[in-house]
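Trainee: Let the hints inform the model, and build the full structure from the sequences given.
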Amino acid sequence: MLPNGTPVETSSPASSSSLLNRLQLDDEPNSETRDLFVTVDDPKKHVSAMETFITYRVSTKTTRNEFDLPEYTVRRRYQDFDWLRSKLEESQPTHLIPPLPEKFVVKGVVDRFSEDFVETRRKALDKFLKRIADHPVLSFNDHFNVFLTVKDLNPYKKQGLAFITKMGESVKYVTGGYKLRSRPVEFAAMGDYLDMFSQKLGTIDRIAQRIVKEQAEYLVELREYGPIYSSWSAIEEELNKPLNGVSNCVGSCCITLDDLSEDMSEDFLPVLREYVLYIESMKNVLRKRDQVQAEYEAKLETAAYKKEEKQGTPTNVEKCQDRVECFNADLKADWDRWQSNKRQDFRQLLMGMADKNIQYYEKCLAAWESVIPLLQEKLEVKSESHS
Amino acid sequence: MADRVGLDEDEVSVGINPAPGPDPEPEAETRPEAGPDISDVKSTIMEDKTCLSKKMEINVSEAEKRTGKNAMNMQEIYTVYLIETRPQDSQNDEDSSAPDSLWRRYSEFELLRNYLVVTYPCIVVPPLPEKRAEFVWHKLSADNMDPDFVERRRIGLENFLLRVASHSTLSCDPIFYLFLTQESGWKEAANETGFQAKIESTASVKPGIHKDLKVDSRLKALNATFRVKNPDQRFMELKHYGDELQSIISHLLRVRARVADRLYGVYKVHGNYGRVFSEWSAIEKEMGDGLQSAGHHMDVYAASIDDILEEEEHYADQLKEYLFFAEALRSVCRKHELQQYDLEMAALDLTSKKQQREELATGTVRTFSLKGMTSKLFGQETPEQREAKLNVLEEQIADGEELVKAKNLECDDFIKDAWADIERFKEQKNNDLKEALISYAVMQISMCKKSGNPQQRTLWRSDESLRATFGFLHKWNKTAFCDGKVLMLEAQLRIENDADSMSSLVQRAFRKIEFV
Chain A
1 MLPNGTPVET SSPASSSSLL NRLQLDDEPN SETRDLFVTV DDPKKHVSAM
51 ETFITYRVST KTTRNEFDLP EYTVRRRYQD FDWLRSKLEE SQPTHLIPPL
101 PEKFVVKGVV DRFSEDFVET RRKALDKFLK RIADHPVLSF NDHFNVFLTV
151 KDLNPYKKQG LAFITKMGES VKYVTGGYKL RSRPVEFAAM GDYLDMFSQK
201 LGTIDRIAQR IVKEQAEYLV ELREYGPIYS SWSAIEEELN KPLNGVSNCV
251 GSCCITLDDL SEDMSEDFLP VLREYVLYIE SMKNVLRKRD QVQAEYEAKL
301 ETAAYKKEEK QGTPTNVEKC QDRVECFNAD LKADWDRWQS NKRQDFRQLL
351 MGMADKNIQY YEKCLAAWES VIPLLQEKLE VKSESHS
Chain B
1 MADRVGLDED EVSVGINPAP GPDPEPEAET RPEAGPDISD VKSTIMEDKT
51 CLSKKMEINV SEAEKRTGKN AMNMQEIYTV YLIETRPQDS QNDEDSSAPD
101 SLWRRYSEFE LLRNYLVVTY PCIVVPPLPE KRAEFVWHKL SADNMDPDFV
151 ERRRIGLENF LLRVASHSTL SCDPIFYLFL TQESGWKEAA NETGFQAKIE
201 STASVKPGIH KDLKVDSRLK ALNATFRVKN PDQRFMELKH YGDELQSIIS
251 HLLRVRARVA DRLYGVYKVH GNYGRVFSEW SAIEKEMGDG LQSAGHHMDV
301 YAASIDDILE EEEHYADQLK EYLFFAEALR SVCRKHELQQ YDLEMAALDL
351 TSKKQQREEL ATGTVRTFSL KGMTSKLFGQ ETPEQREAKL NVLEEQIADG
401 EELVKAKNLE CDDFIKDAWA DIERFKEQKN NDLKEALISY AVMQISMCKK
451 SGNPQQRTLW RSDESLRATF GFLHKWNKTA FCDGKVLMLE AQLRIENDAD
501 SMSSLVQRAF RKIEFV
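Heads up: the sequence lines are chains A and B, in that order.
Note that the numbering used here has the first sequence beginning at 1, numbered continuously upward.
Note that the numbering used here has the second sequence beginning at 1, numbered continuously upward.
Worth flagging that the hints you see were computed from the coordinates, not collected in a lab.
Beta carbons are placed, not taken as given, at the ideal position from N, Cα and C, and that holds for glycine.
The hints are all genuine.
Distance ranges between label pairs, derived from CB positions: (1) A:Ala-189 to B:Asn-453: 29 to 39 Å; (2) B:Glu-311 to A:Lys-45: 42 to 52 Å; (3) A:Arg-77 to B:Ser-439: 55 to 65 Å; (4) B:Ser-352 to A:Lys-241: 47 to 57 Å; (5) B:Lys-268 to A:Lys-179: 41 to 51 Å.
Mentor: Below is the structure:
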């Protein structure tokens, strides 16, 4: 077990990458000082008259005072995670909230209850909670606490929680309608980057979909190709075994290709889409920041004409300035964290796809190699089977 | 001529029939043997073959375009192929003499093959490469002038010549020898053998049929009640096999072309990744290098399919050869059927004549005949008339019996000789197809190795992550490594960029560190 609570995977070449990724997660915060560990596992299906859904076990281990007990185990469904995320967005508007796996899946195209789909989702939900747990501010959020500890979340969901942070409240009432003078360079750069990145992701998504389609069409032809060798082997004597071997080989390649396409659809595409949504929510945060700054600038300007008192209770202008500075600081810190997580995510994603591709070719190679001995063996004289 | 190529005089005289315009056609009326060529070299089939291919090196080395006027005096462009021949032992000479060479176009090869098919009906004659490009997939050109097509045809023609030259019977044919060595006069010599007549004498000749020969058109022209009563079972089975083989290989070639088309699409779409990864790398700081490499890898991957599929065409050509071989096989079977039919007709004719004789001799009329009726109505013939008729009949019967005996022998000889060649063909087919399948499997294996290049995995190693990894290891157990060792390993991995050694390194490190 690694110190942050994740198990070490079995040694396969692919796991070297996952091994390294786990090491990187440890860079910050220092795992020796971590005091909150969260895990998502054990998916279970619940069938009721109204609906069928999956719940996941959320386990928490902590030494923090904010928690009454050192350990908790609760069951949560996707809806609950979604609720948590929107509450976090609401109450911590100056921070970047990690993404959730896609909410909606097209029924009939993807099986929501298939093992692969559920596993992919579970991994994404696990990552989501871990990122929040690692965040120096978000991990102390009351909604997060409730999510991790309370057996039945429904009463809290219905009530509309009364846990509002100071900042959240403050930012909530920032009105739009103020025009921004100049965006600080670093935030402008963030905006530009997000625009370009989002565009690239869109292109990659389109290409990936096209590949899946082409692969499907290739598979159709390959499925007709293999059996022809079987028909041929039926009319041959000496070539009977080798031709059957070729037919079986092509058949194996078909199965392997099918798996590869499935992986592409289930692992690769969803993560791309998840990031596109994530980027949208980040852009919203940036816009909010702009609004806060704009309001501050406007108030500053009017105050210059009004000659306000500078002593005593903090003025409106000072409050605005505070807000802007806090927002900027939070955002900057989160941005770096986001960049690092993004790098990790995409490294994992692209390496994962590369691994899958390599495995596909390795399997096909093995299939073809098994055909060669069949072609080289000499047929023993079957005198009994002739005439 | 013999001197020029350095052949042994004795060996030459065995192969070349000295009589002009030889008549090796086994369907010659009174010849009991299957043909002088085959009987002459019968001994060579048993012992070590002295085929032409052992004495002479044959190459079809080049192709060129020519322009000229065709039969209708219209300008045309066509391709000619250079046939080079050289005696085998000249390779040992220090100054190997230049090969003899001449140019031939495809239609001349066709003529040669037709000649061989007519002249040696018991032999499964090797096929020519296809006249027109068929079973093409979209990127492959269907144009006969396309350089790839011409190149593959060149190889196919060389293959044809080598197969003929390796055949114990066919390689001894004089016209074949002339084809290889004498630019002009070859056609005339071939025509002098009278083989064209054998084609044309059989029913209507439809122009432009790419089928083997017109011999079977006679079979087709016969009416629906035609039946061969006693064909050799083995030939019928073989014909059935030939039919099936043709159908299966055609299907295989069609689907293979579609598979190639689709695979091409898959690879090429991956190429689109190349550009977007490159653009993406421009907006990244740390991931930039990895993305650039990924993009480059995609471009290489997409480009690799062209060579892969080019090589696969060779496999398709090998299959096509056997597609056409199946046709040649069927042709031999049909010739047997034709012979058998002739025999049965002759036998029937003989039987009916014998019956007539009996009727005439005994005066009884067994079957209804107009003659019988008229003689009843108009009176019997005179004994002299009957005598005359009987004599004529006796002669015809004697001739007929000779004919049937001859045809029987012909049939038997044909069956014997054809079956011998068919056994040879079967063995050759099994070997050739095994070779073809092995090389196809090897092609697939090399493609998998190329496309599944593990280099992909190491693309995401950056200095930063290497340092982070080592930093982590440092933190955990300073005694596991000394600084020097770490730096050395770091440098090593930077050079090797090998995921597997990284993995084993990390795993070794973990084994030294204990976890709670």
